[in-house]
Structure formats: structure tokens, C-alpha cells
Amino acid sequence: MASPSESDRKIITRFLHKTLHAVVASRVPRLHHAAAAGPASPKNDRWFHLALDDHPSPADHHGAVVDPLVFDILLTRRGCSDVIVERWTARCVPPVPWSAASPHHPHDGSFLRRTYKKCTILLRSIYTLLRLLPVHRIFRLLCSSSQPYNYDLCHKVLSFAAPFSRAQEAELKQYSFAPVETMLGHLVVSVQYRPSLTNFNLEVSLPTPPLIITDYVGSPAADPMRPFPSSLPDRMSHPIVYQYPPRGIRTLAAPSFDRPHSWNSASMVHHHLSSAPGPPDSELLPGHYGHLVPNQRSSMERKGSSGFGEFKLSPPCSTSPSPSPPTRVGNSQLSRLHSETSPVSIPLPATENNQMHRSPNFSDPFKSLFPPPSPRSTRTDLSFRESPSKSISFRKPDGFSLGDIHSNLHMHAAYKVIKDGRDDSGRFSALSSGGSPGYGFSSSSRQSIQDDLDDEDFSYPFAFDDVDTSDSQTRSLDGKEASENSGSHKSQEAAVGILVHMLKTAAPLRQDQSCSMQSLEPNGEASISSSVMSRKACDALEELQSYKEMKNLLLSKSGAKLQDSVKQRKESSEALS
Amino acid sequence: MNCETCQLKELVVEPPEIREVLRCILHTILFHRALGLVRPKDVECELFDITYVQCEDHELEKKIDEKINQFIGWVEKHPNRKSQVCISFYEVKNKHATWFGNKIERFYWEQWYINLHIISPKPHGKSHNTKAHVVTGENAFEESNSRCAALESSLREVLFQIIKFVNEKKDHIPPLQNSEIVSYPYEISTPSSSDSSFGWHADVLKRMLQTGHPSMLS
Chain A
1 MASPSESDRK IITRFLHKTL HAVVASRVPR LHHAAAAGPA SPKNDRWFHL
51 ALDDHPSPAD HHGAVVDPLV FDILLTRRGC SDVIVERWTA RCVPPVPWSA
101 ASPHHPHDGS FLRRTYKKCT ILLRSIYTLL RLLPVHRIFR LLCSSSQPYN
151 YDLCHKVLSF AAPFSRAQEA ELKQYSFAPV ETMLGHLVVS VQYRPSLTNF
201 NLEVSLPTPP LIITDYVGSP AADPMRPFPS SLPDRMSHPI VYQYPPRGIR
251 TLAAPSFDRP HSWNSASMVH HHLSSAPGPP DSELLPGHYG HLVPNQRSSM
301 ERKGSSGFGE FKLSPPCSTS PSPSPPTRVG NSQLSRLHSE TSPVSIPLPA
351 TENNQMHRSP NFSDPFKSLF PPPSPRSTRT DLSFRESPSK SISFRKPDGF
401 SLGDIHSNLH MHAAYKVIKD GRDDSGRFSA LSSGGSPGYG FSSSSRQSIQ
451 DDLDDEDFSY PFAFDDVDTS DSQTRSLDGK EASENSGSHK SQEAAVGILV
501 HMLKTAAPLR QDQSCSMQSL EPNGEASISS SVMSRKACDA LEELQSYKEM
551 KNLLLSKSGA KLQDSVKQRK ESSEALS
Chain B
1 MNCETCQLKE LVVEPPEIRE VLRCILHTIL FHRALGLVRP KDVECELFDI
51 TYVQCEDHEL EKKIDEKINQ FIGWVEKHPN RKSQVCISFY EVKNKHATWF
101 GNKIERFYWE QWYINLHIIS PKPHGKSHNT KAHVVTGENA FEESNSRCAA
151 LESSLREVLF QIIKFVNEKK DHIPPLQNSE IVSYPYEIST PSSSDSSFGW
201 HADVLKRMLQ TGHPSMLS
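Sequence order for the protein chains is A and B.
Start counting the first sequence at 1; every next residue gets the next number (UniProt numbering).
Start counting the second sequence at 1; every next residue gets the next number (UniProt numbering).
Same shape as in the complex, but just chain A (with noise of 0.2 Å):
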């Protein structure tokens, strides 16, 4: 049988570990989870009459019975030190030997029950007092939570703690519970703890933050080859450079640019309609394709020509199969100049005249009109390649002119945001563009663009070589193209620059067209493919043809009259005479 010392002694060191135990499981979530995890323990610590859940033990009390247990609760934030929010001290102060105060206490076992009454009601109140402290609020976030935080609560035990220094003491909080008298000393439990944590920035923690994919391609369909720019104000600096001989879809030249699509809000600024007018240079480059559109009405109707005042009514339609974010169709300009997905770069040979071409804003505009590139610019280059006869000054990039290359540009851009029909006879429109078909571009780049385009069921105005999608009226004068193409590339491309020249001083080609947009635009997209005709070489030179015929017919009519004006004259004089 054990002695009364000893029976206190175990009495003691179960409280102090059971104290232990009931702070650890009500302050860890880490032992809580593990605890709850774990199978049910059939055998539950009895001591003191309050079953707990069988924990992990956190640390036992190995030391003398008179040596202090100390655990300190601690907040450990991401970023931020730990902080002791709790310290719970339990020891048995030993009474002062020489004390005549201290009691002398009967060796029955009437002391032990009362002593252990005793502890079992001082348990009782530290498990109660754990619940109502600010630090059980954070456990049971914890606990109940599935969500990451940014901070969690772990344990330290102690023989022995470092005092708190005065700041510290300041910041807390002591509550000591009524000793407890043994045989070996007083049961003294004590805690120090913070009164407030909102001092703390406890928050939920994402695991991963919030991403913004700039350079998401949105179609599986997309030309893995394609590299895709990152950043979008390296595009301000770097030129566009157009390549040759073409080798498929190319970005920029610009390593690094964004593609802002239809939902980022950074391509809105560039197309908005409303934007003040850039400068000159960027009137007539696709890049300013918000500056563009206002702009380049007014400087078309300058050169007389109706430019693109048609375009504007006349939004993008994007019919990508690939998964690109949806068009709609049918709305309003702006809109849809909103809802196409990133451009389709537009290489050329690169020469020196490039320079011209600097366009910060180049890839803006045609992002959110273009559609992704689809696989049949691959296609459409072998294609392309098997019918070489047709393919005249695609294969020939030489020889451009600036202004040629700016009118190709413009065309291009232009022609984005319009869903052509199929309809090549119609007139050549005023805009300024290259007359060769090759013309700045080459040939995979406007196949290319032609895929894009071709999404759109729209048909390059010289795209004379576009068996798959030009209809009998293309084919035929693509025959008519073939003969005249037997001369000399540069005789052909003096003609298609006479005859852009002259378009752009025919005034009633504009009137015509204006008219019928006019009628048409309440039908929206419909409308605007059938106004806007796709122009041909073929047709060009055909027109210039009927011009010079009709001028000449005028001239002699004029030089006809006026003989017989002269005539009468004479004939009237002789009569007087």
C-alpha cells in the first residue's frame, strides 16, 4: 500500500498532466485533428472523474513534482514571429518548512479525498476557463474550418520560461486559481494570457493567389508553335516587323506583348471609338484601331474616298471553331470589337521601310477582333503553294511602297471587323490598299489572316488566288488575271497604284456605298458584308479600264460637240455671208 506522500505525489503528477492534456486539446488543432482522426481509444484517462479524448501525449512531466510546468500557447502567423498569446503555469509550491503556518496533516486517507475532490473541482474550472479565454475563439476556427489561414496555434512545454519582460506584462492578462493544499505543497495553477487578439491580422489564406493569365490562348486549336507575348507595355517600344518569307503564324516581332482579349479590360481602352485621335502616323496603322475607325473616316472622306465609315458600322463577327471567347453578333460596333479574341500577327517582309510601321498599339485592336488561328493556315499554305500561277505578287513583296503599306495595313484592319460574304465582283472600295496582292504581306501570313478570315466567310479584296473561297466570278477573272499577269509584275503594280489613286478621287463609289450601308445597317452584320465589296486587282484594272473608255468616250463626245459647234458656226457664218 502506498504511503500518503506517495498517493500525493501521483496525485499531483496525474493533475499536472491532466491539466497538460485539457490545455493541449482545447488550444492545438494539429492534436485535435490527429485526435479526432484517430480511432476511438476505449480506454479514456479516468483521472478525476472527466473522461477526455485520448490525445497524443504532448509531453509528460518528468521532472520533481516541485518543478514548475509551463506551456506556452503560441500564434504563429505566416511572415511574423511567433507570439505567446497563453501561458499556463502549474507547480506544487512546497510549504516553507520552518513556517508554522503550514498545516500538519492527518496520514488518513480523508486528506486524499479531500485533496483530490479538491483537484477534480480545480479541473473542472481550468477546462471551463479555457472555453471562455479569446485564444479558444482562434482554436475553434481552426478546428471547425476547413479553410487555410494564415496563422495556427502550437504549444510549448517548459520547465522553465523566461519572465515576460514589462511590455510584455502589460499586454497581459493573469488569472491564478485558488491553491489547492497537499501534502507536498500547494497546487498552484495560473495563466497569463492576452486579453484581445484583434491586434493580429488573422485572416483566411488563399493557397495560391489569384491569377491573371495574359497570354491565355483559349483554343486547343491554336498554332502551339505560336509563341505568345507577356507583357503588354514591352509592345509600346518594339517595332512591328513583318517576315519573309513567311512562315505561318507569327506574333510580333515583339517578344513580349499581352493579349488582351475581349474580357480584359486593358484591349478596351484601345478600342474605344470615343478615344481622342492619335497622331498621324498611327491614323493610318491598324495598331490605333480605336483612333482608327473615327479618324480614318474623316481623313477618307478628305481624299474622297468613303474609307471607313462603312467599318464602323460594321462589326467583327468571329466564327472560330476554336473554343475562343463567344462573338456576338449582330450588336453594336463596339461590342463586337470587344468580343473577338487575340490578333492574328500580320507579317511582311521586313524591309526598311518598316520603321514606319512602329505601332505600340498594333496588336491591340486586332486582338480583340481576331479570332485565334486555326490550323488551316497550314493548309492553306500548301495550298497556296500548289497553285503558284495564281499566287503573282504574293510571292513578290519587293518593290513596296510606304504608302502601299500603310493602305495594306489599313485594308487589313479594316476588313477585321467586317464579315464579308463571298461576293468578289463588287466594286473596289476607297480604301487605299496595296494593289498587289502580295502586297505587304506574305503569303502564309495572309493565309493566315485568310483563316481568320475566312472564320468570318469574308474575302480579301485581292485575294484573287483564294480558289477555295472565291466563287465563279473570282475564277473567271482569275483567268482574265492570268493573261494579264503573263507581263511584268511592276507594270501591274503601276497600274493598281494609278487606279487606288483614282479611287480615291471617285466620289460616287462613296455616295453608292454610303447609301448602302445606309439601307442595310439596320440589318447589322448582314448588311455590312454585302455593302463592303471586296476588291480584286482583276476588278481594279477592269474599272480602270471602263474609266479610261469612258473618258475617252467623253473626251471625243466633248471634241465631237465642239466640232460640230465649230461646224455650225462656220455654216451659219457662211450662210450669212
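I should point out that these hints are in silico values taken from the structure, not numbers from a laboratory.
Keep in mind that this is a model prediction, so the values were computed, not measured.
For every residue, glycine included, the Cβ atom is placed at its ideal position computed from N, Cα and C.
One should not assume that every hint holds.
Said to hold, decoys possible - The calculated lysine to aspartate or glutamate pairs, modelled on EDC-like cross-linking and capped at a C-alpha distance of 16 Å, are: (1) A:Lys-117 <-> B:Asp-171; (2) A:Lys-173 <-> B:Glu-157; (3) B:Lys-169 <-> A:Glu-181; (4) B:Lys-41 <-> A:Asp-53; (5) B:Lys-9 <-> B:Glu-152.
Said to hold, decoys possible - Computed spacing ranges between beta-carbons, pair by pair: (6) A:Arg-113 <-> B:Val-92: 12 to 22 Å; (7) B:Lys-82 <-> A:Gly-79: 51 to 61 Å; (8) A:Tyr-175 <-> B:Ala-140: 28 to 38 Å; (9) A:Ser-3 <-> B:Cys-148: 52 to 62 Å; (10) B:Lys-82 <-> A:Arg-14: 40 to 50 Å; (11) B:Lys-82 <-> A:Ser-3: 52 to 62 Å; (12) A:Pro-94 <-> B:Lys-62: 39 to 49 Å; (13) A:Ser-176 <-> B:Leu-47: 22 to 32 Å.
Given the coordinates of chain A, work out where chain B should sit on it, guided by the hints.
What follows is chain B alone, placed relative to chain A:
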């Protein structure tokens, strides 16, 4: 044996809060006096940000809920009044055999008085002016929130008061006669459903008759 008495701080509560407040206080007291084998269960208040502990004993919970319902019924008949709920711990002693039967004596060794001031919720002021009505509604909402926060703070103080009393007063607690019993015998007294003043006093007189002569501490 001394009868220790603890008068808890008065709480101003509205009728919907009575049940939660009484449950919190009564279970906390009983947890400290249920010295038999218990498995503690954490209970989070619905109306307050307070977690209290109760013994996982079905009979105990049932008895407490019955008394609370009784008290709420009395409050409905007697609104806007101050009242008390008393929980007393006793031990049974000396079954005196009398001519009329066995008389069971109860020796109350501890009594807790839960003081409640029941108030009716303030109705929203009627106003023909829409804006004024909205403002009045907002003010009432803020008042309600502040009152609720004050009640939560007071309830915490009451729980701290219970812990302090329980720890300071231990010597009067009688030894456990039977460890199989969860708690010491107890009794929860509420104002009688009959006429308040007379019924209340009758309960006090009854208790006095049942309580034996107070003796010195053993």
C-alpha cells in the same frame, strides 16, 4: 454544514434570450458540481460568442430544459419583471420515521441565485415619414446590437464569477457518497406559475422547513 450562497450578477435579458442564458449558467454550475465521472461536451451559444461546458448526461439536460420552459412560461404571464432562478445543492440526511411516514431531510449546502431582469423588446417607432422610419429602424438595430453585446459581456462576467466562487469555496462541499452518480443532488427553483409573490415566498418557506439546523463546518 454551511450553506454557501452566491448571488450572481443581474442580467438584463429579453424573452428570446432567456433560454440560452439560463442554459449557459445552469450547465456551467452543474459541471462544477458534477463530480462523478463525466464526459465534457462543448456547447457554443447561438446568440453569443461563448462556449460553455456541459456534462454529457441526458437526464441532466432534460431536467434543466424542463425548468427553463417552466420559467419561460411564467415570464410570458409576468413580463417586464425582475426574477430569480435558484439552483440548490443538498444532501439527504436522516430519514426520520414519523407517525405520518418517513420524512426526508434535505440539507442545502450551496445555493446559486441567477438574477434576471426580463425586458420586452422595444417596438419600432411608427413614423409616417419614410426616412425617419428608416432612421428609427437603424437606431433600433444599433441599440439591439449594443444591448446584445453588453449582455454577452455580462454573461462572461457571470461565468467568471462562477469559476471564482467554485474555486474559493470548496470546503463546504460534502464528500461524494456514490461515485456512480454524476452530480450532487440538486434542485432548480423558479417562480411559481401561480401568483408570483405568494408562490415565490411559499417556495422559500418550504425550503427553510426542509433545511436542517445549520451546523458548523465539519
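**Asked** In ascending order, which of the hints set out earlier in this document are inconsistent with the structure?
**Response** Failing hints: none at all.
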